[in-house]
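Assemble the dimeric complex from its two separately framed chains, guided by the hints.
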Amino acid sequence: AKTRQNITEKVERLIKTSRRIDDEFFEELEEILIQADVGVSTAMELIDNLRRAVKQKKITEVDEVRGLIKQEVVSIMEGSDAPLNKAPEGPTVIMVVGVNGVGKTTTIGKLAYRFKREGKKVIIAAADTFRAAAIDQLQIWAERVGADLIKHQEGADPGAVVFDAVNAAQARRADVLIVDTAGRLHTKTNLMEEIAKVKRVIQRTYADAPHEVLLVLDATTGQNAISQANLFKQVTGVTGIVLTKLDGTAKGGIVIAIAKELDIPVKLVGIGEGLEDLRDFSAEEFAEALFSD
Amino acid sequence: MVFEGLSTRLQETFRKLRGKGKLTEEDVNLAMREVRLALLEADVNYKVVKDFVARVKERAVGQEVLKSLTPGQQVVKIVYEELTQLMGGDQTKLNLAAKPPTVVMMVGLQGTGKTTTCAKLARSLLAQGRRPLLVAADIYRPAAIKQLQVLGEKCNCPVFSMGQENPVNIARAALEYARSNGRDIVILDTAGRLHINEELMNELKDLKSSLNPHEILLVVDAMTGQDAVNVASSFNEQLGLTGVVLTKLDGDTRGGAALSVKAVAGCPIKFAGVGEKLEDLEPFYPNRMASRILGMGDVQSLVEKA
Ligand SMILES: Nc1nc2c(ncn2[C@@H]2O[C@H](COP(=O)(O)OP(=O)(O)OP(=O)(O)O)[C@@H](O)[C@H]2O)c(=O)[nH]1
Ligand SMILES: Nc1nc2c(ncn2[C@@H]2O[C@H](COP(=O)(O)OP(=O)(O)OP(=O)(O)O)[C@@H](O)[C@H]2O)c(=O)[nH]1
Ligand SMILES: [Mg+2]
Ligand SMILES: [Mg+2]
Chain E
1 AKTRQNITEK VERLIKTSRR IDDEFFEELE EILIQADVGV STAMELIDNL
51 RRAVKQKKIT EVDEVRGLIK QEVVSIMEGS DAPLNKAPEG PTVIMVVGVN
101 GVGKTTTIGK LAYRFKREGK KVIIAAADTF RAAAIDQLQI WAERVGADLI
151 KHQEGADPGA VVFDAVNAAQ ARRADVLIVD TAGRLHTKTN LMEEIAKVKR
201 VIQRTYADAP HEVLLVLDAT TGQNAISQAN LFKQVTGVTG IVLTKLDGTA
251 KGGIVIAIAK ELDIPVKLVG IGEGLEDLRD FSAEEFAEAL FSD
Chain C
294 MVFEGLSTRL QETFRKLRGK GKLTEEDVNL AMREVRLALL EADVNYKVVK
344 DFVARVKERA VGQEVLKSLT PGQQVVKIVY EELTQLMGGD QTKLNLAAKP
394 PTVVMMVGLQ GTGKTTTCAK LARSLLAQGR RPLLVAADIY RPAAIKQLQV
444 LGEKCNCPVF SMGQENPVNI ARAALEYARS NGRDIVILDT AGRLHINEEL
494 MNELKDLKSS LNPHEILLVV DAMTGQDAVN VASSFNEQLG LTGVVLTKLD
544 GDTRGGAALS VKAVAGCPIK FAGVGEKLED LEPFYPNRMA SRILGMGDVQ
594 SLVEKA
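Going line by line, the protein sequences match chains E and C.
Residue numbering for the first sequence is 1 to 293, as defined by this note's numbering.
Residue numbering for the second sequence is 294 to 599, as defined by this note's numbering.
No more than 25 Å apart at the CA atoms, straight line, and that leaves these computed lysine-lysine pairs for BS3-like:
| no. | chain 1 | residue 1 | chain 2 | residue 2 |
| --- | --- | --- | --- | --- |
| 1 | C | Lys-570 | E | Lys-188 |
| 2 | E | Lys-70 | E | Lys-57 |
| 3 | E | Lys-86 | E | Lys-121 |
| 4 | C | Lys-360 | C | Lys-315 |
| 5 | E | Lys-197 | C | Lys-570 |
| 6 | E | Lys-188 | C | Lys-447 |
| 7 | E | Lys-197 | E | Lys-233 |
| 8 | C | Lys-315 | C | Lys-350 |
| 9 | C | Lys-439 | C | Lys-570 |
Facing chain C, from chain E, some residues (calculated, C-beta under 8 Å):
| no. | residue |
| --- | --- |
| 10 | Asp-37 |
| 11 | Trp-141 |
| 12 | Thr-220 |
Partial selection, computed: residues in chain C whose CB lies under 7 Å from chain E:
| no. | residue |
| --- | --- |
| 13 | Leu-333 |
| 14 | Glu-334 |
| 15 | Gln-519 |
Just so you know, the hints here were simulated from the structure itself, not pulled from any lab data.
Ideal Cβ positions, reconstructed from N, Cα and C, are used throughout, including at glycine.
Just chain C, with the same shape it has in the complex (with noise of 0.2 Å):
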């Protein structure tokens, strides 16, 4: 799959425009059909692409080209600012409780990785000087116990578990062990469900209505497609979700599913997951998202050119 960044495309796009002075109307909207492309093509939403071109569009139409740029290249820099914007500032910090300990719920989609987040997040707490436990809520998936386990084992961290026990009742008794002994941050790994599970979707209803969470964070796989804005839409109406966690993101995937989250649900994306080790968890950043959903690695060097 050969994918031209934008930045090219476009500048094939204004070629035959002339060079300097107020992007007209009809230079914008040319350049409006590329960006489109590019945006679908990296798998951000439909309607999440006709909302943003129509406010890129609005935007850029009348504008000055800066006198160190082409037309093209003023465009790629109104559309990496909004889409950088959009995507939000860099607020990658976890909400932590006032009153210890903090209760983070990881939720989402069946494989898209949670446990594999959960125990990320418990590395890097760990290293942070916390004292998080990872709990086993996931009674479903065959071995999902002992996948957290042995995860937890990897980062020294405690894990707590009951079997196949309702995960109400496992998360309360966790709560009450985290208490009693001096863990701070409770990491609660749900199993994986479709959004449209009803009786699944009301038993992570049940947990947060019993555990008041500080975080519930959608762990979503970056290579989702259009069904994106369904699934984040759908658990974000019916949990209120508090952050994203974007996973796979080492492959070659362009990730357009960020943004479509982004617009759907409102709330920030705070990790984003690069491998699987459990080093492999960095913070989210929106202007790299942005470049990378555009297929430039150059955006940064253009504008800050302007």
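Next up, chain E with everything else stripped away, as it sits in the complex (with noise of 0.2 Å):
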């Protein structure tokens, strides 16, 4: 994608016209991982182990440099490519979870596409009862994909509509449950505490569920993802990152420092408004992105 190439032409740029390995093209290596969003504590670290790395094996050729970075971020970020937990037996349930606006809704129809397409039943339970519009704007991604819609009115309780989802989940024998909720912010404690209650009721029903919290994360957001990671995995426990709008220019960095501080995986991205606009997410891939071709 263009997103990638930007930040890969820097560093082809940066590789080809610096002959030395010195403290200059550090440097302009850290600016390459912040204007990532990487993080400065993070990018510093980086930037520690790979300045070790070159001394120890006496590394001269500045090619060389590359293939080292990229081995570190693939090495943090390993295990993030895991695929989305299953249930044994019984629906799997999926949470989405996440700060307001970040594609939780659209990353939703997406992947009840990706399930339909793989010849899925699937329910979706419209938890947000709270944004304006949140159900009808769900409503046409669960037609688009036909997938069946578990709703209640704007403003009704979301363990309401959860409990009847989980109860149609049964009944109708799906194969998946997503619930989508309501944007909040991870520091608002009362509006946290209800996306905990609302596990707790599917709970009741599937003690093993649900299989997935994912937590969606903007790309374009900076350290304060951090913060939203630390949070949401404390109230909700958090299995998963969906990192979307990575088609834009933000390259998303912020991911790495989640993994290594909080060790939680990144599962799919989003690149785009379309159906078909979700992926795998892969280690090896996102860090083929960052630092070359």
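Below you can see the structure in the form of structure tokens.
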């Protein structure tokens, strides 16, 4: 994608134009990482490791350095490319959470589409009863992909919606139940508690559910994403990240820090507003896209 | 994410240095390392930070340390003042047309808060006795029109819509409607789009040339990272922005994007979104934003002491 070319070109240029591996070279590399939202401390750590490795392995070729940074990123992101968890039996329940406007509802549309294409029976629960026309938006997606939608009125209790959805999933023998939740800032304790409650409603019927709690992160987000991941993890037990809007010019480098510090894998990436614009995350590709052709 | 205020950090840095006198280049260099870190951690763009630090350094070297301050506090004061100044005065008013209706266009990336901000603005204008009209010109996002209608109903503002008609046609008809129905401010909700999407950016250019809006407001999510400069400069180059709205400031983001956007787009930040409710719109205060970016609640008192 276009996104990736920018940074790649920068690295390429850097590698082509600078012949010596000196302080200036490392500094420029650090700049590229910081501009990709990797964060200062993670960027510095990556560069420090790189410096050490260069010294240890007596590397003199700038080209080799590229391979090393890539390796470093891959090793941090490793385990991230695990597939989505599945229920051993009964419906797989997926909860989708995140701050306002990151792409939760759209991701659910794309995800439902993917499951439908695999021939699965999909039910979606409209547990965002708060935002204006959130239910209508989700309904349009459900119709597009041919999934069932369980909904109440705007302003209804999200717990009640999910309760109905769980029952519907059982009665209709659904393969997948996806729960949309209202966007909320991670700092709002009462709203966070509301999601925890939704989760408990699910667990009353399916003790081992939800099988995935996907935190949606907008790739344009900077350092605040760490705080988001941290608090959502604490309250909802996030099992994976969906990194959206990678079709823009933002690089989403913050997921490196999140994988490193919070050990949350990135499972999916969003690359547009269409039904098919969802991809599995690949650590290899992510690193490759950051640092090579 | 524990973030120490810049103030504390600088005190620490300067503890070993002698007390008063003039700020030497060495002192300032030490301090600037911390300033740079604080700004980067607050998501201010790398290049913006570089320029900013260079400017502050130039101003700080050789300055007399005020009697009431330590060298660390003195540097904080200079940084704070420069930051506040860079983010502009209290220019929070909307440009109103000499001859109504005033046309306001809300633009920005996907999910930043455009539709919500349109309704918040309508609500605040209604409270001031104006007669706004909300216009549903987002024909792409599922249920975007419905969303604006629901919000319009909440704040008692009429909403003009024509379904999935071409946005330029919608906007023209809405302007006509406003003229004949005595609505004095037309607020256009446009679809979210990427600044690199040529086709959709052209749509905005078409809207601009057929409406001659008095305000083109870029809505920016306060949690935006380094990419804020790309977005703001690109929207500005293509459309000529008149102002910025910074949303989602009710969270714990430091909001360095404010500085980045201001630095590249040049236009004032006019409003701040501080919640999902329609009353959660405030004027933008540069000085508050400066303390926030620096991670210090105590700056105001520090500066007053000086
Ligand atoms: N370019 C791009 N836009 C996206 C992507 N994913 C979602 N969007 C857009 O982002 C905007 C917000 O998406 P939603 O799915 O409504 O986000 P949400 O998290 O459900 O929002 P709330 O429910 O209001 O918190 C919409 O305009 C989507 O079309 C993506 O991968 N790329
Ligand atoms: N916490 C908080 N949420 C906000 C604020 N402004 C908007 N939101 C929320 O952010 C989400 C997206 O807002 P919208 O107004 O739909 O954003 P948009 O820019 O119109 O989105 P698209 O039309 O899809 O591009 C919604 O959940 C809003 O409630 C704010 O200041 N604070
Ligand atoms: Mg949603
Ligand atoms: Mg909108």
